[in-house]
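Taken in sequence, the protein lines are chains P and B. Using our numbering, the first residue of the first sequence is number 1, and each one after it goes up by one. Using our numbering, the first residue of the second sequence is number 1, and each one after it goes up by one.
Calculated directly from the structure, the hints in this document are not laboratory data. Every clue listed holds true.
Derived DSS-like pairs: lysine-lysine, alpha-carbon spacing no greater than 27 Å straight-line: (1) B:K85 with P:K111; (2) B:K550 with P:K295; (3) B:K550 with B:K8; (4) P:K222 with B:K550; (5) B:K550 with P:K219; (6) P:K222 with P:K295; (7) B:K144 with B:K174; (8) P:K222 with P:K17; (9) B:K550 with B:K614; (10) P:K15 with P:K219; (11) B:K305 with B:K319; (12) P:K111 with B:K272.
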Amino acid sequence: MQFLNKKTSFNFMGKRKIAALFSAILLLTAISSLVMQGLNFGIDFTGGTMIELAYEDTANLNEIRGTLESNGYDDAIVQNFGSVHEVLIRLPVIESENMADLSNDVVAVLKTASSTEIDVRRVEFVGPQVGEELTEQGGLAMLYALIGILIYVSLRFEYRFAIGSVAALVHDVLLTLGVFSVFQLEFDLTVLAAILAIIGYSLNDTIVVFDRVRETFLKMRKGGSEEIINIALNDTLSRTLMTSATTLLVVISLFVFGGEVIHAFSIALLLGIVVGTYSSIYIASNVVLAMGVSKADLMPPVREDGEEIGEDGSQV
Amino acid sequence: MNHYSAWKNSLVIAIIVIGGLFAAPNLFDDDFAVQVSASRQGNVDLTLMSDIEAALKAKSIDYKGAELDGERLLVRFSDADAQLKAKDVINSTVDNGNYIVALNLAATTPDWLAAFGAEPMNLGLDLRGGVHFLMEVDMDAAVKMALNSYSSEFRTLLRDEKIRYKKIQVEANKVIVGFRSIEHRDQALVRMAREYNQLDIVVLEESVTPSLIASLTEVSLRETRLTALQQNIVTLRNRINELGVAEPTVQQQGDNRIVVQLPGVQDTAQAKKILGATATLEFRLVDNEHDVKDALAGRVPANSKLYQRRSGQAILLNKRVMLTGEHIINAASTLDQNGSPAVSITLDGKGARAFSNVTRDNIGNPMAVVFIESKAETREIGGKMVKVRRQMPEVINVATIRDQLSKKFQITGLDSTTEARDLALLLRAGALAAPIDIVEERTVGPSLGQDNIDQGFNSVMIGFMFVLVFMVIWYRVFGAVANLALALNLVLIVALLSMLQATLTLPGIAGIVLTVGMAVDANVLIFERIREELRVGNSPQASIHAGYAKAFSTIADANITTMIAAIVLFGFGTGAIKGFAVTLIFGIATSMFTAIVGTRAVVNLIYGKKNKPKLSI
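Looking at chain P on its own, in the form it has when it is part of the complex:
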C-alpha cells in the first residue's frame, strides 16, 4: 500500500506566511502563559513529599483529608491517582521539621485511622536544595543539547541550516512547555526527559528534510529556492508522515498501557512529535528560506586555484 503513490506537489512554502503567523500566535500564547502562570513544577523541582497509597476499598478522599488536617498536615493535597482505590498525597516543604520522616508519620496516621489495609505504593521525598539543583541542571542540559546540535549541524550543513534547525527545536520545546503551562499539567523529571527526547526527535525530522533540501539544490539546475525547498518537502513527505505515524503509535501505546507514572512523559512526547513534524516542514525550512539560502552556499568546497574557502563552506 502506498500512502502517497503519486508524486505530491503541495505548495508548502506558498503558505509559509500563514504558517509563520500561526506559529507566532501559538508561541505568543505559550510564552505569555509561561511568563504569567509559569509551570506547575512537581516535587522533583520544588521539593516536598509525595505518597501514593492503595486502599482495599474505594478511598474516601474527604475522610483522608480530615484525618490529615486534624493531625496538623493542613497543606496536604489529596487526589485520586489512576483508580478509585489509589490516592496521591502531596505535601510541601515544611520548615523546621524532619522532612525525611514526614512520609512515615503521615502513613502511620492514616493507617491508624483506616479500618482496612493500606498498601504504600510509592513515596517520593525531595529536599528543597536538591530540587533547586535539578531545575538548574535541567536548564543547563537543554542548553548543552542545543549547543551540541548547533555545532554538529553547522559542521555537516551550513550555518543557516543550523539556525533553522535550532529555531525549530526552540519552537517545539516552547510549544510543549506552553501546553504544560496553559493546562497546568504537572512538570516533573520524566517530562524534562521527554523534552530532551523531543529535541532529539524533532531534530531527526528536520535533518532528514534538510538533507533532501541540500540534495535537491545540488541536483536541480534551475528553479528558485522556494520551488526547490517545496520539491524537497514533497519528496520527504511520505517518509515524514510514516515515521511520525509509527512513533506516535508506540507513544500512544505508552500513554494507554504504560501506567499513571509515565502519563505526563507520554503526553509530552505526543505533543512533541506532532509539533516536531509540523516544525520540520514549516519552521526549519521557513527560516532557511528567509535567511536566503542559495545553490552557491551549498556547493561542496572545491579548492581550485587556491581559492579561499569561507567558514560556512562557501567559496568567497
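Fit chain B to the supplied structure of chain P, relying on the hints for placement.
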C-alpha cells in the same frame, strides 16, 4: 546484483547468535531465595550450608536447592511463602552477629548459558521495589569538628610550652587564639606553624587582644571533607548490614552526598532510623576482681556493669569511662613491632592527658573498647508517640595495657589484618562521623514494582505489534524484513543491557519503546528511496542499491544528532533520566546496525540473485 560477501553475512549471523545468547537469560523467571552472607567473623561454607539444610528439613520447608556462590549462600524456594518462613528459620539457625540473612531473588540462568557469562539484566528499584536514599553529609559540621579538636590540641601545646593564652575559640571556619601579649603571640606563631603544616596560621591584625587565626589549608580542607564522606560511607555500609539487605548499594555522589539503595526494603521508617543513628566509642577497664558468672546470676558489683562481647560472651567492665571516642582524631590499621596486625590511634590533647593518667596506674590490666550506637526510636509512651534514643553498647575489643599511653597508642592482639582494618574503620566512624541528612527518598512498594514491570512490558509489546502491522501493510515484503530487524533490535538492546549489567528502569523501558518507534525510521527512509528509484524507472537491483546508498548519510546524520541529545541526557542524568538515556543510546546504536546491515542482508537473500525481480514494496 546485490549480494553480501561471506564475511558480511557471517558477521550478521554472529551478532544475531551472540545477541540471542546474552538476551536469553532474561527469559527465565527468578527463584525466590534467602541469601546468607558473612559479616565480621562468619564463614560461608559447606558446614553452614548443611546446618541450614538440616534446619529447613526439620521444619519441613521445601526448598529447591542450596548453593554456595562466592561469598554468599543461596537457598532457593518455589514461592514467596516458603521464602518468608525459611528466612525466620535460617535466622534462628545461624549466629546473628556473624551472618546477614536477607531475602533475594536468584537468577535461574541454565548452566550452559552461564558458562558464556550470560546473566539477566538488573532491574531498577522502580521495577523490583525498594528504597533509594540520597544522603547529604553536613560538611560544615565536619570542618567544625576538625577545628574543635585542633583547638583542644592548641590548649595542650600552649600549656606545655608555657605560652600564656587568654582564650581559644572556634568560629565558622577558623580557630582564634587570643594571647596576653604580642611576645606570646609571636612565640606561639613560630611553635604552632612548626607543629601544624596542615593549617594556615596568621596574625590577626587590628585586634585589641594580640591574636592568631588558624584555618585549614585548601588541601587539608579537602582532605577533611573527603575523610568525613568516606567515614560516613563506611558507617552506612556497616549499618546496612544490620538491615539484612541482599544487594545494597552505597555510593558517593558529588563531593558531599551518598546514594543508598536498598532493594526489597519495605520498612523505610526502620531503615531511616538505622541509617541516621549516631555512634560513639568508650574505653573502659575490665573488672577482673569479680566473677562474670556471679554477675550473670544477678549479683553485679556496684562499680561494674555487664556488657556483651561481639562473640556474645558476657564481660564485666568498670563503670568509670577512661576515654570517649570524641577524643579520637584518627585511627589506622598498621603492624606492631612483631609484625602482627594492630590499630594505631591518635587522641586529641585533652583525651591524651586523661588517658595517660589512667593508663599509668593500670599497666598490665585489660582494657575494653565499647562501641555504642544510639538509635532514635519513636515509641508510644502514655498514648503519645515519643522519640526515644536507645543505646546499644557492644565490646569490640579487649587488650592489655602494656605501657603508659598518651597521644598516640596502639591496640594490639588482633586476629587478622581484616579485623584491624574493620576496627580502625569502626573507631574512625564512631569518632568523626559528621551528621547526615536524608535529602531525597524514592520508595517503590512491591505491588507498584510488579505493576510497572507488567505495564512496561505491555506497552513495549503493544507498541511493537502496532508498528509490525503497520509496516507490513505499507511495505509488504520489505516491511516484513524491517520487522525482523526491529525484533532483532529489541533482542540486541536487551543483550547489551545484560552484557554490561546495566539496570533497567521504567524510564528505560520508555526509552526502548521510543527506540522501537524511531528504529523503523531508518527503514522508512530506505524504502521510500527505493520506491522513488523505481518510480523514475530504474531496475529493481539498481533501485535497492541506490536506496540503501542514498539513505545512508541521512540516517547517519539523524541518528548522530539524536545521539547527541541522548548523551547530554546521560551526562546530566540522575537515576530516572540516566535509565532513559542508556536505553536510548543503546537503541540508536543497535538500530543503525539492524536497520541498515540487517535488512540489507535479508533483502539480498530474497532478491539479490534474481535477474529482474518484482519488488514487493
